[in-house]
Every structure is written in structure tokens, then in C-alpha cells.
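Asks: Each chain is listed here by its residues.
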Amino acid sequence: MENISISLKVNGVQYKKFVEPRLLLSDFLRHELDLTGTHVGCEHGVCGSCTILLDGEAVRSCLIFAAQADGCELTTVEGLAQNGKLHPLQEAFREAHGLQCGYCTPGFLMTLIPFLKENPNPNEAEIRDALSGNLCRCTGYQNIVKAVGVYAGKQGNKETGKQVST
Amino acid sequence: MKPPSFQYHAPHNLDEALSLLTQHGSDAKVLAGGQSLVPMMNFRVAQPAILIDINRIKELAYIKDGNDGLRIGAMTRQRTIERDATIAKRAPLLHETVPHIAHPQIRNRGTIGGSVAHADPAAELPTIMLTLNAKLLAKSQKGERWIEAKDFFVGLFTTALEPDELLAEIQIPDLPARSGYAFEEVARRHGDYAMMGAAATMTLDESGKCKDVRLVFLSVGETPLLSSSAAQVLIGNKPTPELIQSAAANTDITPSSNIHASERYRKHLANVLGKRVLTKAYQRAQGAEKTTKN
Numbered sequence: 001m002e003n004i005s006i007s008l009k010v011n012g013v014q015y016k017k018f019v020e021p022r023l024l025l026s027d028f029l030r031h032e033l034d035l036t037g038t039h040v041g042c043e044h045g046v047c048g049s050c051t052i053l054l055d056g057e058a059v060r061s062c063l064i065f066a067a068q069a070d071g072c073e074l075t076t077v078e079g080l081a082q083n084g085k086l087h088p089l090q091e092a093f094r095e096a097h098g099l100q101c102g103y104c105t106p107g108f109l110m111t112l113i114p115f116l117k118e119n120p121n122p123n124e125a126e127i128r129d130a131l132s133g134n135l136c137r138c139t140g141y142q143n144i145v146k147a148v149g150v151y152a153g154k155q156g157n158k159e160t161g162k163q164v165s166t
Numbered sequence: 001m002k003p004p005s006f007q008y009h010a011p012h013n014l015d016e017a018l019s020l021l022t023q024h025g026s027d028a029k030v031l032a033g034g035q036s037l038v039p040m041m042n043f044r045v046a047q048p049a050i051l052i053d054i055n056r057i058k059e060l061a062y063i064k065d066g067n068d069g070l071r072i073g074a075m076t077r078q079r080t081i082e083r084d085a086t087i088a089k090r091a092p093l094l095h096e097t098v099p100h101i102a103h104p105q106i107r108n109r110g111t112i113g114g115s116v117a118h119a120d121p122a123a124e125l126p127t128i129m130l131t132l133n134a135k136l137l138a139k140s141q142k143g144e145r146w147i148e149a150k151d152f153f154v155g156l157f158t159t160a161l162e163p164d165e166l167l168a169e170i171q172i173p174d175l176p177a178r179s180g181y182a183f184e185e186v187a188r189r190h191g192d193y194a195m196m197g198a199a200a201t202m203t204l205d206e207s208g209k210c211k212d213v214r215l216v217f218l219s220v221g222e223t224p225l226l227s228s229s230a231a232q233v234l235i236g237n238k239p240t241p242e243l244i245q246s247a248a249a250n251t252d253i254t255p256s257s258n259i260h261a262s263e264r265y266r267k268h269l270a271n272v273l274g275k276r277v278l279t280k281a282y283q284r285a286q287g288a289e290k291t292t293k294n
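Protein sequences, first through last, are from chains L and A. Heads up: the first sequence at position 152 corresponds to 152 in the numbering used here, and the numbers run straight through without jumps. Heads up: the second sequence at position 87 corresponds to 87 in the numbering used here, and the numbers run straight through without jumps.
One chain only, chain A, in its complex shape (with noise of 0.2 Å):
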């Protein structure tokens, strides 16, 4: 199928687009990489009356040093971010994961903020925003506001964005001192959206033992899933192999049965996945324990 006519709108910078979404408010929708945005358009399912092309914007896309983490563009291209090196070193997380986004010729347009705003239960990114406690940043005419990736991810395709509100920068803090992470999914082709993933950050106290624990899931509900089960089997305690086993094992989620997995083969997946990403984490942070000791 095609698209239906919209109306087509190119702003050459910020002030003009958030002049746009203010005036159009949610008759409007942004058109950023178009990887998502454009497929939903073609079958239809998506309808927008009003399309704000973002691309013309260069000021949005950036990989810039903060304080105390990377400050990205919104407009960031996922290939962009694939090839940084500042990225691979201070955010490796997000290094490992981006391969993982579909194929090369999607991540040459698509971007770091269209992804985590269109809020895909199944995409990568939103799902290591949630890990990593990012931050994001929204910007209208009114002002700007800062939102944690916790209150960020509201429901299925929602996001806590106002309708006159455009997603700006993404902020991912540093992780801090004996930290490590991990990211795996399981698709059923190379590149296809995931049955499941799962994302996971750890960090340890000088006698070894977890002090911090992240898992995240993608594909199993709405929105991206933090497991508060694996922090509490874990958190005080030597991530013993058996310790890993029980914080995978007992996640709370529930995923649901669609077309390409049933319930109980991503339960399983999601105890697999969770128990590789526990072990790959805890592997790193031990050695990022010891290349902070010499």
C-alpha cells in the first residue's frame, strides 16, 4: 500500500519545528529516521494529518561530553553511534546493543531519539535508556524538561512526550567504578525483531559482592521491564553462579503468546537470556576491577 496525503513540513532548525508541533499538537507527528515511523505510514496503520521532517536539523545530532555521562542528539544516527569510539568507551552498553538493531541499511537512518520516542516494546534502545537511567531531554516552546527513562516509557508506542513536546538529547550517566553489562537477544533471523532480549548492568562493592543490579527485557510487555526479582536475590551477595541461576529464574514477568513465540518458549528464553546477561555482566565487573586495581 501507500501512504495517505499529509501535509509535509521541513523545518531548517529547532525554534521552527517546536513552532510547528505547538501549533499542530498532536495532529502532527515527527518524522526522524522514518525506519519505524514510515513502515506504519505504508501499511496504513499510521495516519498522520501532518509530517515535521527533523532531518534538515543539524544542530540535533551530537555526541557530546556532560559532566557525569554522554550527551547524545536526539538526531544521532544508530550508525552514527555504532562507529564512535568515545561511545564504545564510556558507554559500552550501548555499543554492544546498537549492532543488534535490525541491518546497517535502518541504522544508516535510523536514530537514537526517533527510536526511544516511538517507544517499540520489541526495539533495543528503549530497553538500554531504561538500564542505564538515562535521561531525556524534552524541549517545547514553552521550555524543557528533563524525564528519567523510568517515567519516560508510559505504554505500547507512548511516551510521556506532551504533544508539543520534541525529544532533544538523551543523557547516559557513566556507570560507575566495577561495573559491567551485557546485552543479548534472540530473533528468529539475523536482524528481525526479537522474541526476546535482555539488557543488564552490574556493579560491585570492593568485597566482591553485588551492590547494584539492572535487568531489563525487551518484548515482553508494553514497555521495556526492569526486574526488581534479580536486584533482590542478588543485591549483598556474591553473584555465585547459583545465585545467577535464581535471580534468572525468577523474574517477574509475564510475556504474552504472539505468532512467532509462545509464552512458555519466551519464559524460557527470558530465564536463558537473563542468566547469560547476570554472568557476562558480573564477568566484566570483575575485570573492570581489575584494570582499576593496576
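Chain L extracted, bound-state conformation (with noise of 0.2 Å):
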């Protein structure tokens, strides 16, 4: 089958690009839009990686073909840094030594966006329940967890910030 045409917002910016059927956003991202930042890990949903904001919710490219993000607006870890400052989340983690090699972090950031619009205020468990879909094989997640305390602390949510910075 021939390429098919697409149209589609990514960190607010429009592009118009032909593309297989059978290409991954994830794919698309990384090799039509050079956008790096959304990592590929498992292929199959489970490990995170390539995590990213489809319409503001936090979903898996490598499970969307590219053909099905026509006209949609899309979020990538790239878009999260403005004018060339880091967003608050990231530098929490930075503060936090939430990261080691940074393979899952873009996962763990576009998952934690949404996650934390609409609770604020999380507990640890709350935290590691909605984390639960993001792998990391480096940090035992225990700074990756304190990283989201010292983000919601610094965003006037203490009670968050208490709990989980031992």
C-alpha cells in the first residue's frame, strides 16, 4: 500500500509527512521528526520507554501506528524543556539522582505529567502505582519515587514532599 499522508502537532509544532502504514509512532518520532528523546525498549507495551503524551494522556508509541496520529497533538520529552530551562519535574529528578543512564526517564517524565496534573498531592503509594508501567533497571526506583516528593514539595505540596524524602 502507498504512504499514507499525516498531519499532526508535535510539542506545538505542525508537520505534514507521508508514511508507511506499518510505521510506529515511536518510529516516526525518532527517524521522521529526529525527536530522539522517546526511547524504544520492549516493543510490546510493558516496559515504558517510549512513553508519551497522546491529547494530553500518557500512552505507548511503540503500540500506535504513525497513520493513527493524524491530526493529533502529541507531547515528546523534548517539549517538556521552555526556552531552554528545565522543566521543574526535571530538575527534581536532577536534584534527586532519579536517573542513571536516562534510558526510562523520558518514559517516567511523560508519565508523571498527566499523573501529577490531576493528583498533586500523591502519597508514595499513590506515586508507585502509577509508576508501575515504567522499568527502570538502574535505580531501584527509590530517588526516582523521591524525585516526584521534592517536585511536589517545591510546588507547595509538603505533605507529598515530607513523606517520601527519607
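It is worth saying that the hints were derived from the structure and are not from the lab. Take the hints with a grain of salt, since some may be wrong.
What the hints assert, rightly or not - 25 Å max Cα-Cα, derived SDA-like pairs, lysine to any residue:
no. : chain 1 : residue 1 : chain 2 : residue 2
1   : L       : Lys-17    : A       : Tyr-8
2   : L       : Lys-85    : L       : His-97
3   : A       : Lys-58    : L       : Gly-56
4   : A       : Lys-2     : L       : Leu-33
5   : A       : Lys-135   : A       : Asp-68
6   : L       : Lys-16    : A       : Asp-53
7   : L       : Lys-117   : A       : Thr-86
8   : L       : Lys-16    : L       : Gly-56
9   : A       : Lys-58    : L       : Val-10
10  : A       : Lys-275   : A       : Gly-236
11  : L       : Lys-17    : A       : His-12
12  : A       : Lys-280   : A       : Gly-236
Since each chain comes alone in its own frame, lean on the hints to assemble the complex.
Replies: Put into C-alpha cells, the structure is as follows:
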């Protein structure tokens, strides 16, 4: 089948591209748009490293065909920093040492953005539940959870900050 | 790996979709949430020649009041179901079960119809359909028909849907008065496919004896499995802990071993989970009794 025309917005920028139907959204972002912040791990939806926002919701870009994203608004990790300044959540990860190799980090960040919007003051159990779909091989997760606490604390949500900053 | 090539169609309405299904039949696979199908395509375990993407058909996503239950459109996202207040109230077993499905990111795309039509024996929603005696609406260009859950799940990843049919709606009947429900599953990690899961509903009569009970297991065979022995033990009797223990211990299920769990362990899990869900369903049924009395 010949290529399909898609038109979509990524991190506020409008794109129009021709894609094979079988091209996965994760590969489209990385190879067609050079947005390599979205990573590819398992390609079956369990590791979370490909997580992006599609119309504001966290989704697995490895389980969506680029053709399906026609008319949609996507946000990837590259869309978090503004004017060269890191997003406060990214700063919290740096401060709390919430990453080592960084491979899983974009997936964690994109999962957390909508979660924290809806739950600005989560307790540790809620944080760990929300992050259960993101795997990390380096950190053992403690500092990732701590980073969420640091971020929430800085946003004025002191209870979360207190609970997880042990 | 990457999926092999396929022809892609994205119909904008139901008629278009049904026309495509009639045209292509078993050469085509319907793409709903894609959270089960696309992994299979990425592994090349599934290689459909034609993909019919129904995500543009807005009219297939809804939660409506039916006469004696809820009517849920097949394309309703699992996360929508998770958060819906009407479902929490009228289909509490569904509300309790959906958070067990995989992870939030999966539930943002996964649909109730997609999961049910995919008929993975390890999936939660087909088990709930069987437990609740749900009715499934199959539509085609030829017309429509209702299929009862007990006739819907035919085999491994196989349903009673014909190649030209689309699962359009799921009807969840209300539980009768004095009913309770429960769902539990055991997975190695939170969000993994369950090694074993059990769902139960129980209805009591005025004297507090069990009038009806349904105990259904997932991950035990090719389809969700309704335990007839549990019903035989409990119906007509007061569900004492000993009787529940006996009902759970004598389920007629035969799980097989795989790399995740041995047959012996899964039989053990079935026993434990069966007891837990029957106990909780009974407690809730008694609680329901109290609220209707007040």
C-alpha cells in the first residue's frame, strides 16, 4: 500500500509527512522527526520507555501506528523544557538523582506529567502505583519516587514532599 | 521486530467499517485500542493483510442507561470506564476489575470491546463478561444479533463473531437485590498478566441463604471458566466459611503449567482466590441487604 499523508502537531510544531501504514509512532518520532528522546525498549507495551502524551494522555508510542496520529497533538520529552530551561519535574529528577543511564527517564517524565496534574499531592503508594508501568534497570526506583516528592514539595505540596524525602 | 506491511483503512463511521469487513472478511483485523493486537503484530505473531482502524468512529464510545442494565459502546476506553461514576454505582464488579488491567498507559488506549473481542484467556474483561452474564452486540451489513457471554468465548483468542461482524456494544445487566461481587488476581509484578484470577457474584434470598452464585476464573484454559461445582455446593445453603472453603476447594478447573507458574501452584491460587472472592461477595451481599432494609 502506498504511503499515507498525516498531519499532526508535536510539541507545538505542526508537521505533514507521508508514512507507511506499518510505521510505529515511536519510530516516526525518532526517525522522521529526529526526536530521539522517546526511547524504544520492549515494543510490546510493558517497559514504558516509549511513553509520550497523545492529546494529553500518557500512551505507548510503540503500540500506535503513526498513521493513527493524524490530526493529533503529541508531547514528547523534548517538549518539557522551555527556552532552554528544564521543566521543574526534570530539575527535581536531577536534584534527587532520579536517573543513572537515563534510558527510562523520558518515559517516567511523560507518565508523571498528566498524573501529577490530576494528583498534585500523591502519597508514596499512589506514586508507585502510577509508575508501575515504567521499568528502570539502574536506580531501584527509590530516587525516582523521591524526585516526585521533591517536585511536589516545590509546587507547595508539602505532604508528599515530607513523605518521600527519607 | 517491526510489523510487516498491511493495507490500512480508517473508516469514519460504522457503515463504512461494516462495508470494509464485508469486503475483506477474515483477511482483515479490526484495530481498536491496539494494546493487544499491536504487540502481536510487532512480534509478527499476527500478520493481518488489512487493518481496519475504528478509532475514528466516535459513535461507538458511550455509556448509556439501558432498561435493566448499562449499555457500553465497544470503543469506550478502559480508563473512561475506570473513572465513570455510573459504572462505579451500577456495575461495581467492572469498576473493581478495570484497575487491574495492565497499566494506566495501556488503559488510556485499550477499549472494553477490543479486549472482549480479542478473547485472551488471561484478560480480565472477558472473565467479567461471563461472570455478569453480559450480552454482546454483533453488527454486520446483514443486520445485528445479541450473543450471550456464555456463547461468545469459543476458544483461544476466538469468539463467536463472524468475519464480517463487529462487536459494537456490551450490555451489562444490573445485579439483583441482595447481591455481592468481588474480583482478585495474582500477578508476579503489578500490572503483569495474572497467573490466576477469580471473579464472583452472589445473590442471597430473604432468609440469607445463597440463591445464586457465579465463580469464574481467568488464566485456567482457553476461555474464562465458570465453576459449576461452586454453585452446586452453595445454592440453597447459608454461605458459612466452611461451605465457602469447600466450594473453593472443589472447583472443577484444570490449569496447566507454564513458565510463570506450575499447575500445582495455580490450583492452589484458584483455591485461595476462589475463597477470597466468594467470601467478599457474600459480605457485600449481606451489606447490600442491610442498605435495602434501611
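Asks: The structure should be examined with respect to each hint, and the outcome stated for every one.
Replies: A quick look at each hint next to the structure:
1. L:Lys-17 - A:Tyr-8: Roughly 16 Å separates the two Cα atoms, so the pair holds.
2. L:Lys-85 - L:His-97: 18 Å, holds
3. A:Lys-58 - L:Gly-56: At roughly 18 Å apart (the allowed maximum being 25 Å), Gly-56 of chain L and Lys-58 of chain A satisfy the hint.
4. A:Lys-2 - L:Leu-33: 19 Å, holds
5. A:Lys-135 - A:Asp-68: 12 Å, holds
6. L:Lys-16 - A:Asp-53: Status holds; Cα separation ~20 Å.
7. L:Lys-117 - A:Thr-86: Status holds; Cα separation ~24 Å.
8. L:Lys-16 - L:Gly-56: Status holds; Cα separation ~20 Å.
9. A:Lys-58 - L:Val-10: With Cα atoms ~23 Å apart, Lys-58 of chain A and Val-10 of chain L stay inside 25 Å; holds.
10. A:Lys-275 - A:Gly-236: Since the Cα atoms of Lys-275 of chain A and Gly-236 of chain A sit roughly 18 Å apart, the hinted pair holds (cutoff 25 Å).
11. L:Lys-17 - A:His-12: 21 Å, holds
12. A:Lys-280 - A:Gly-236: 18 Å, holds
This entry satisfies every hint, going by the numbered hints stated previously.
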